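S.K.: Spelled out from the first residue to the last, the chains are:
There are 2 protein chains.
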Amino acid sequence: MKTTRAFLGWAALFVLGVTIFVPGVRGDEGMWLFTDPPRKLLKAKYGFEPTAEWLVHLQRACMRFNNGGSGSFVSPDGLVMTNHHVAAGAIQKLSTAKNDMLVSGYYAKTRDKELKCHDLELNVLMSIEDVTERVNGAVKPGSTPEEASKARRAVMNTIEKESFDKTGLRSDVVTLYNGGLYHLYRYKKYTDVRLVFAPEQAIAYFGGDADNFEYPRYDLDVTFFRVYEDGKPAKTKDYLKWSPAGPAEGELVFVAGNPGHTCRLNTPDHLKFLRDLVFPYQLDEIRRREVMLNIFSERLEENARRARGDLLRYCNGRKARLGILAGLQDPAVMERKIREWAEFGTAVHQYLMAQEAAQRTPKRPSDAPKSPRLDPECLNAGAEVIQALEEWKKIYRRHHLLEEGGAFNSMLYAKAITLVRLAVEKEKPNAQRLREYRDSNLASLKQELFSEAPIYKDLETAKLTDSLGMFLEQVGADSKLAKGVLRGKSPAARAAELVGGTRLDDVAFRRELAAGGKEAIAASDDPMIVFARWLDPDARAVRKEYETKVEEPMNQAYAKLARARFAVLGKEAYPDATFTLRLAYGTVKGYRWPMPGGSFDQLGKEIPPWTTMGGAFDYAAAHGDKPPFRLPKIWVDRKDHLDLKTPMNFVSTIDIIGGNSGSPLVNREGQIVGLVFDGNAQSLVWDFIFDDVAGRAVSVHSDALLEALRNVYQAEELVEEIEKARK
Amino acid sequence: MKTTRAFLGWAALFVLGVTIFVPGVRGDEGMWLFTDPPRKLLKAKYGFEPTAEWLVHLQRACMRFNNGGSGSFVSPDGLVMTNHHVAAGAIQKLSTAKNDMLVSGYYAKTRDKELKCHDLELNVLMSIEDVTERVNGAVKPGSTPEEASKARRAVMNTIEKESFDKTGLRSDVVTLYNGGLYHLYRYKKYTDVRLVFAPEQAIAYFGGDADNFEYPRYDLDVTFFRVYEDGKPAKTKDYLKWSPAGPAEGELVFVAGNPGHTCRLNTPDHLKFLRDLVFPYQLDEIRRREVMLNIFSERLEENARRARGDLLRYCNGRKARLGILAGLQDPAVMERKIREWAEFGTAVHQYLMAQEAAQRTPKRPSDAPKSPRLDPECLNAGAEVIQALEEWKKIYRRHHLLEEGGAFNSMLYAKAITLVRLAVEKEKPNAQRLREYRDSNLASLKQELFSEAPIYKDLETAKLTDSLGMFLEQVGADSKLAKGVLRGKSPAARAAELVGGTRLDDVAFRRELAAGGKEAIAASDDPMIVFARWLDPDARAVRKEYETKVEEPMNQAYAKLARARFAVLGKEAYPDATFTLRLAYGTVKGYRWPMPGGSFDQLGKEIPPWTTMGGAFDYAAAHGDKPPFRLPKIWVDRKDHLDLKTPMNFVSTIDIIGGNSGSPLVNREGQIVGLVFDGNAQSLVWDFIFDDVAGRAVSVHSDALLEALRNVYQAEELVEEIEKARK
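Residue numbers (our numbering), protein chains in the order written: chain A, 1 to 727; chain B, 1 to 727.
Because the hints were derived from the structure by calculation, they are not lab data.
If we take Cβ atoms under 10 angstroms as the criterion, some of the chain B residues that face chain A in the derived model are:
(1) 288
(2) 297
(3) 318
(4) 331
(5) 334
(6) 470
(7) 491
(8) 492
Only a predicted model underlies this, so the values are computations on that prediction, with no experimental measurement involved. Glycine included, C-beta positions come from ideal geometry on N, C-alpha and C.
All chains, full assembly: derive it from the sequences and hints.
M.R.: Structure (structure tokens):
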């Protein structure tokens with residue numbers, strides 16, 4: 001990395017001729033805070049001015065799925081719409097060897113048939129409060145990174161606890177702009193979530209991994225749930241109505257959802273760190289697990305059913321990361337990031353010079369003191385990020401293996417370490433606990449810990465064997481740590497011993513251990529608990545190292561950059577995605593296939609914005625009706641009842657990312673026109689850079705949803721509820 | 001590695017109490033040279049004494065497939081039997097989108113229907129000559145490794161050239177015992193090889209990747225070819241006859257074939273190098289390519305057909321390496337290797353002390369001079385291996401990426417670099433050329449270079465894109481080398497440019513370039529040639545570094561160890577596998593499932609030696625008749641015509657490894673009783689250690705072969721030829 005630093009370090013720019021810095025965003029870029037929507041841009045480009053009511057209604061009609069997706073209310077009786085692939089984990093946990101609802105789909109004609117999910121939690125954002133000053137105020141000037149990290153964690157835990165005690169709402173302090181702002185988000189939480197309708201995975205994920213992140217598409221990627229309170233359907237005042245006609249080409253449309261993670265504000269050095277270390281490492285691990293699960297799955301159909309959820313996640317994560325990495329490895333893309341970073345540096349430099357000049361000689365109006373005042377130390381931020389990355393590099397693998405569970409790919413191990421830590425952490429004052437054990441999060445943590453979802457010991461053994469093998473490869477089979485973990489056994493034998501011997505697959509046993517607290521954990525001879533207990537000090541040590549040497553210095557550096565960004569750009573910027581609610585906008589628009597690659601035949605082809613339901617049948621036929629291109633039997637049987645011209649999927653220029661799955665697409669009237677379920681391959685670079693030349697969000701059309709419910713599945717009750725809500 | 005060296009270094013053993021060293025082999029261990037069969041062991045254990053005729057007949061009735069397998073003649077008219085998976089590459093190259101013979105199988109009822117393969121070469125070993133003295137004599141004492149390597153290469157090229165000029169036979173100097181012996185092997189070469197019979201891959205590879213390296217099995221993994229000379233079926237005097245009854249349980253049986261590679265004589269440090277670096281690295285690469293080809297294949301059936309050959313190879317290689325690595329990661333296994341190494345060191349030390357004592361005071365008979373005289377410098381060999389490994393570690397990735405083509409996973413690149421080097425090398429004297437361009441190998445090299453086998457540009461682009469991405473990850477996207485290779489483009493764009501622009505997929509163009517020699521290559525503006533020309537100096541540089549700093553010092557060290565082994569053990573040892581003809585023996589024998597792991601239900605289960613043809617139908621039914629457990633339609637249709645009690649597959653304790661695929665299994669009379677096609681999971685550690693507790697070779701039963709040909713495929717002509725030859 002050394003060769004690039006001189007160029008990237010802003011110091012160098014002081015001697016360069018200064019270019020004019022054009023701030024702002026590209027095309028319809030942006031994942032905006034609901035407290036700071038892009039009013040100027042929307043007005044200027046589309047003549048649209050969202051009212052406060054419009055915003056708050058949309059905000060409260062949407063929700064976050066705790067397992068990593070988004071959704072919205074579509075009736076006043078708690079009916080929730082999301083993607084099938086967001087719901088797939090919950091559906092799998094409800095399935096059995098004899099009744100695999102991922103394959104067969106499900107429809108509860110009446111409410112008593114709605115199936116309660118094991119461990120879903122939905123969060124509806126009710127209010128937002130800026131707590132930046134309080135959080136920053138808790139960190140004393142001159143603190144060491146360790147003290148700063150501790151103080152910040154403490155004040156965040158305290159703010160959340162106070163808010164929860166006051167309102168009874170789930171309260172999260174959210175770090176925005178990598179530490180530039182801290183917001184307190186209060187959520188209404190739903191934990192009684194029941195399955196209403198799911199199509200067959202064969203149509204929800206039509207085209208499978210081959211078509212994931214591709215377009216044109218023909219997927220009915222939808223599932224309906226209903227949230228309950230006190231055993232009754234919840235009354236949900238804020239819900240979205242169906243649009244009468246769906247979107248027109250070129251129409252302005254919005255997405256309200258929870259984009260999970262982006263790194264657009266990362267420095268070029270940080271992006272190179274992702275390119276050269278993080279993504280290759282993650283991809284090697286994902287491919288390894290994918291291959292391992294394929295081997296497990298091929299043996300028996302029941303194995304395949306058990307592994308399906310994990311496998312889908314890995315395939316999806318692999319394809320997404322491959323797309324991002326391809327972008328990072330594209331010199332043209334990286335050059336743009338470097339240029340933008342240099343331009344930003346120049347602008348900051350100009351700002352500081354003007355600020356200094358104004359202080360010295362405030363004579364002319366153009367020399368008026370700059371506001372806000374910017375601390376020149378922000379010029380060191382780039383170098384501070386590099387320093388933190390170098391520390392990260394040293395502990396990257398160890399941190400992932402021990403603290404992120406990379407070495408112990410097992411639900412049983414995850415339960416064990418949670419139980420071991422819960423016993424210790426809950427005896428500490430709230431402010432001093434590890435973040436995930438803070439009071440305000442305990443209910444959510446326990447819901448997952450005590451989930452009734454089945455755990456399969458054969459699958460667990462295969463997963464743990466493989467990850468212990470990976471662990472040995474990475475820490476060295478002769479290392480002290482490896483010998484401590486393996487205890488003189490091979491990975492396979494050690495995994496069999498731990499998984500075979502533990503009783504943690506029994507929920508009652510987990511509840512008993514948790515209730516017994518520290519003494520019960522200390523006295524337990526359950527092999528997985530014994531193991532987690534033994535490992536915990538090492539895992540905590542590397543976590544502490546990560547938090548104090550990497551996370552905290554990095555946050556501090558990025559907070560400086562964020563303040564510089566505010567000073568130079570004002571708030572006409574949006575923070576990186578944080579799996580919290582955001583507003584994005586764009587238009588319905590086709591594109592031209594831009595990339596050379598495996599698909600010579602696609603090169604330069606014009607891709608229209610829509611596909612049709614009839615197209616799905618043609619597409620299946622063109623692939624010999626073989627999986628993953630085989631339509632479910634009911635679709636073939638009911639083909640004659642369908643209006644084949646109904647639009648099926650469509651693309652738009654809206655800025656989305658993983659986590660937005662299941663978000664509603666609405667028009668100016670706030671009516672549903674679609675359901676986001678994917679981005680195309682060209683959108684994958686949006687992880688770190690937005691570009692709408694060919695990047696597109698992919699949605700199910702609102703008409704296709706109703707047409708399929710009505711004429712394929714004959715789900716009259718569900719259609720009626722949606723239709724009634726529409727009025 | 002440092003912590004273990006003191007223990008492993010033999011120096012330490014001089015101060016330890018000396019234990020008694022038990023030389024020799026375990027159970028039916030051994031891949032023996034035909035010039036040095038284990039006469040004593042066979043006589044002592046089985047009362048069998050192979051005659052010279054028995055040996056030479058078997059030797060000349062067997063052959064090596066140049067693409068990595070073995071086979072045998074089974075009629076006097078050049079009929080060859082091997083595995084379907086050895087033949088799969090050749091069958092794929094004969095297939096088209098409309099006629100996929102891997103799926104449909106093939107049978108030539110008459111000779112004019114036999115299909116000529118594109119680039120198969122079969123080698124029949126005709127004679128063996130020891131040339132150790134001449135090879136070693138060419139290396140002057142006190143040579144640098146570079147001089148030694150050059151001198152050795154020169155004398156080997158010369159010996160081969162002389163032999164070829166004299167006999168017209170393909171002549172290879174084979175390095176045995178890592179340099180302890182050099183043998184000149186002369187082969188009769190067959191290049192007109194025609195496809196006679198192949199079953200459907202669905203039965204040849206029944207159970208697919210899931211059952212690969214597993215047992216029980218039900219595979220008909222066979223293919224028949226016929227070799228031609230001058231357009232007529234070759235007359236093959238030495239061929240194997242079918243046994244009347246197949247093998248009995250416990251019967252002594254032999255395998256004559258070409259085991260590819262083992263590393264049983266490696267020092268423990270060397271094995272740890274494989275465990276910690278080589279296997280993890282190779283597995284990451286294989287999984288990466290496997291996933292990439294799966295993505296490519298899922299898109300279209302024709303894609304799947306094009307990628308199938310590569311995919312099978314990767315799946316097979318992945319599963320084999322996983323098994324070997326699991327063994328290397330098993331502390332019990334590694335401890336045995338370390339103990340054996342220490343015992344060997346003790347024995348060498350005792351030998352040297354006795355040798356020295358005898359020189360000092362040759363008084364008593366027990367102090368008679370030891371023979372052969374052993375140079376005490378052999379005690380340094382372990383440390384020299386470590387030194388070479390440390391050099392290897394430094395260049396491991398670069399050598400793989402540039403010289404082994406890891407960065408350029410493309411047949412078109414392979415053709416380009418071969419053409420570029422051929423032009424340079426053939427102008428040099430034979431003795432000075434890179435090994436593969438020596439005169440005696442040129443015909444084989446050109447057969448592959450000018451093969452008419454189709455090259456698919458879409459597949460090539462996908463492969464090259466992926467491997468260029470891997471290359472960037474490993475050398476760093478900002479490195480000078482990466483920038484030189486990518487030329488400012490993304491991996492996808494660069495791959496599309498190189499593959500899209502080259503004409504090397506046209507055989508005529510390749511022939512033209514080769515004929516044009518140095519000038520034609522220098523003048524070419526074909527982008528792949530331009531690229532290979534640009535890269536060649538870097539690739540040659542790392543190759544030279546590897547040869548002089550790693551290969552040559554390692555060979556010298558292992559040659560010392562080999563001499564020590566001969567001195568201490570005599571020739572009752574066998575060299576590591578070198579993809580040359582070996583004789584192995586053992587008995588037909590079941591086993592008990594020993595390993596915990598994913599298969600709890602198998603634990604401790606008794607596995608009988610046989611399966612039956614009827615069992616195949618039951619097994620398919622138990623897996624819902626779904627691929628890879630679906631029998632071909634013809635099997636279902638012809639089920640009633642089969643004797644379902646016919647043995648299908650069986651296991652034996654014979655010591656085999658990859659490369660033995662397709663080897664005949666014969667009884668004491670030299671009659672065929674089976675066809676080796678696999679080892680079970682427990683045999684995979686045989687790569688570096690033999691153990692017959694549960695490790696087994698897996699074969700197709702000779703009765704099953706005839707029963708299927710006769711009653712499933714009704715291949716009367718083929719059966720008649722085999723039956724006639726039997727008499």
